[in-house]
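Asker: Build the full structure now, drawing on both the sequences and the hints.
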Amino acid sequence: MGAPLGLVIGLLVLLLGAGIWVGVALLSIGIISLEVFRSMRVDRFLASDLWSTSTAVELVTLPLFILMGEILYHTRLSENLFRGLAPWASRLPGRLLHVNVLGCALFAAVSGSSAATTATVGRITLKELLSRGYSRDIASGSLAGAGTLGFLIPPSIPLIVYGVVANVSILDLFLAGIVPGLALALIYIVYIGVRATLQPSLMPAPEARPSWGARMVALAHLGPVVFLILFVIGSMYGGFASVTEAGAIGVLGAFIIAVAQRTLSLASLWQALLGTVKTCAMIGLILAGALFLSKAMARLGLPVEIAAAIDALELNPYTLIALLLVFYLILGCILDGMSAIVMTLPVTLPLAVAAGFDPVWFGIFLIITVEMAQITPPIGFNLFVIKSLTGEPIGRIARNAFPFCLLMMGLVVLITLLPDIVLFLPSAAKG
Amino acid sequence: MTAERTKPGGRILDALLKVVDGVLYIGAAVGALSALLLAVMLIVEVITTSFFAYSQPYAVEYSGYLLLAVLFAGSGWTLSRGGHIRVDVIASLAGPAVVRLLDLLASAFALGVVGFAATALIRQAIRTAELGSRSYFPSETPLMYPQALLAAGMTLLAVAFAARIVRIVTGRAPQATPTGG
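Protein sequences, first through last, are from chains A and B.
Under the working numbering, the letters of the first sequence match residues 1 to 431, in that order.
Under the working numbering, the letters of the second sequence match residues 1001 to 1181, in that order.
Just so you know, the hints here were simulated from the structure itself, not pulled from any lab data.
Backbone N, C-alpha and C fix where the C-beta goes; we use that ideal spot for every residue, glycine too.
Any given hint could be a false lead.
Claimed, not checked - Computed Cβ-Cβ distance ranges for the label pairs, DEER-style: (1) GLY395/A to PRO1096/B: 16 to 26 Å; (2) ARG1134/B to PRO393/A: 53 to 63 Å; (3) ILE1090/B to LEU219/A: 43 to 53 Å; (4) GLU305/A to ALA1053/B: 51 to 61 Å.
To be verified - Far from chain A by the CB rule (all over 10 Å, computed), these chain B residues: (5) GLY1009; (6) VAL1020; (7) GLY1022; (8) GLY1095; (9) SER1139; (10) GLU1140; (11) PRO1142; (12) VAL1169.
Answerer: And the structure:
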């Protein structure tokens, strides 16, 4: 291992372990390594890089989708989802337990965040499921698992960030996330159905099945979310808006729903805007640090050095992906998923591409690993969201979520063996 | 006499920290208004291009400037609200005194790094002003203004770290009391 690589890894472990803020740690490692190993004006290089990162047009879509989610949080969309889905889910084995999965899959199509998906859907479904006597364990576990669909089903904030850092089309990534996202939802539904059949004690005594008329009436409650999905996707595929502008259309759609439901006041709009600033500032600092560090590493020739070292091991592609999966799962235990992706991508992406994996496929692979990190302790963010909803200990929620984590791992195996699950839609869209 | 009044620096320092929190909140407000303006501008862009065959000539350029405000103007406020991510493994294992010491060292280190970045950005904005550089878009906007905004955002983050250090050293809670959203 060369001295620059040793310094970068050593500083990374030391600074992150010491509790330095992730974005600041990444910036500092870039600054220190360039000051030590390169004779250059690091301050000018840094300023120029921060300027180009903060004005990158590809990133404009980020605050817009975040603002859309913040406005939707102030609507009655979660109540609408439960009322619209419950009569239909009651026919499936596992009955209302499926509302978590179906609700999250639908909400994910208008939300880019898994935490927002978990919080918005869970605040109604958990209360309803627990009051009707469903098992607390599978109710919170299925919510934890299903909430992660927010990252995979577009729009997705981590996919936007990945697209910017990896220089991959965000539209391609969005398309690539659809089939694996729906496949994961289906896998969850099958699992819940099988488990509920084997363990009937997870559910209360069956209630009277709603009539077909009641079911059709309930569909009207899904109107707002379907309107928003069609509004955003229709604007893109109808040729009215680019991916960036679709974010703005999403904000407009969310605003229309909030106004129509009379749930948006000036005060709640201001809260939504401040919430957007808070999330964007958090992502912005990490991105600025990660992008600067990746350029510093490129100047020091580190990605080539690491790639050569791994190349010398002569791993086959599947072993490499298995190693990367373990690596990201371990990293996800100490770091939030998005930070883990942006700070390691300059090294791992070239490795994956050299092993024959498509950058779009690798993006989806990484997002699934991030999803797993969201529901594994000690810092799985969705676990904290559910803790705030239920008051249960993190350990118990993590244990309940564990089967869903294994199902995600199954999906990783599936997309590795059948990459067309991911690549089919982007290829078809290109004709 | 309340416990807070016995803290080093007393009321004067409390007032000073309150002013700092107010300034950080103004930064967040600039970011929030920029997010709103960005959304409105792009909604108008979709409507005008789709139905009136007219594109706002400044939309692409100014969406970049508004983006930098959303990303960085509220960065200091975000720190004061505990919004920036860090690894808390040691903090969850160590006692309060060790956590406080580590927090102080981490904040001092971060102040150094962010201060370096803020100085670099201020110098960049000054250099741009001296050279009279303008954007290559039709508006030919003097770039010193958006660059100054970026420098201000990073400076506010440095100020927030400085305020955090003062709070820790004087025995106050490291994060500001939530105000203004």
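Asker: Can you let me know if the beta-carbon spacing of ARG1134/B and PRO393/A is within 53 to 63 Å?
Answerer: 58 Å, holds
Asker: Can you let me know if the beta-carbon spacing of GLY395/A and PRO1096/B is within 16 to 26 Å?
Answerer: 23 Å, holds
Asker: Closest CB-CB distance from SER1139/B to chain A, is it above 10 Å?
Answerer: 14 Å, holds
Asker: GLY1009/B: least C-beta distance to chain A exceeds 10 Å?
Answerer: 25 Å, holds
Asker: Are GLU305/A and ALA1053/B spaced within 51 to 61 Å by their CB atoms?
Answerer: Holds: the Cβ-Cβ distance is about 53 Å, inside 51 to 61 Å.
Asker: Does PRO1142/B clear chain A by more than 10 Å, comparing its Cβ with all Cβ atoms of that chain?
Answerer: 14 Å, holds
Asker: Is the nearest Cβ of chain A still more than 10 Å from the Cβ of GLU1140/B?
Answerer: 16 Å, holds
Asker: Given a hinted range of 43 to 53 Å, is it respected by the beta-carbon distance of ILE1090/B and LEU219/A?
Answerer: 52 Å, holds
Asker: Is the claim that VAL1169/B lies outside the interface with chain A correct, judged by CB distances over 10 Å?
Answerer: With a cut-off of 10 Å, VAL1169/B remains clear of chain A, as the shortest Cβ separation is near 17 Å.
Asker: Would you say GLY1095/B is clear of chain A, with no C-beta pair closer than or equal to 10 Å?
Answerer: 14 Å, holds
Asker: Taking 10 Å as the cut and beta carbons as the points, is GLY1022/B off the interface with chain A?
Answerer: 15 Å, holds
Asker: Any Cβ of chain A at or closer than 10 Å to VAL1020/B, or is the non-interface label fine?
Answerer: Holds, since 17 Å exceeds 10 Å.
Checked against the numbered hints given earlier, this structure breaks none of them.
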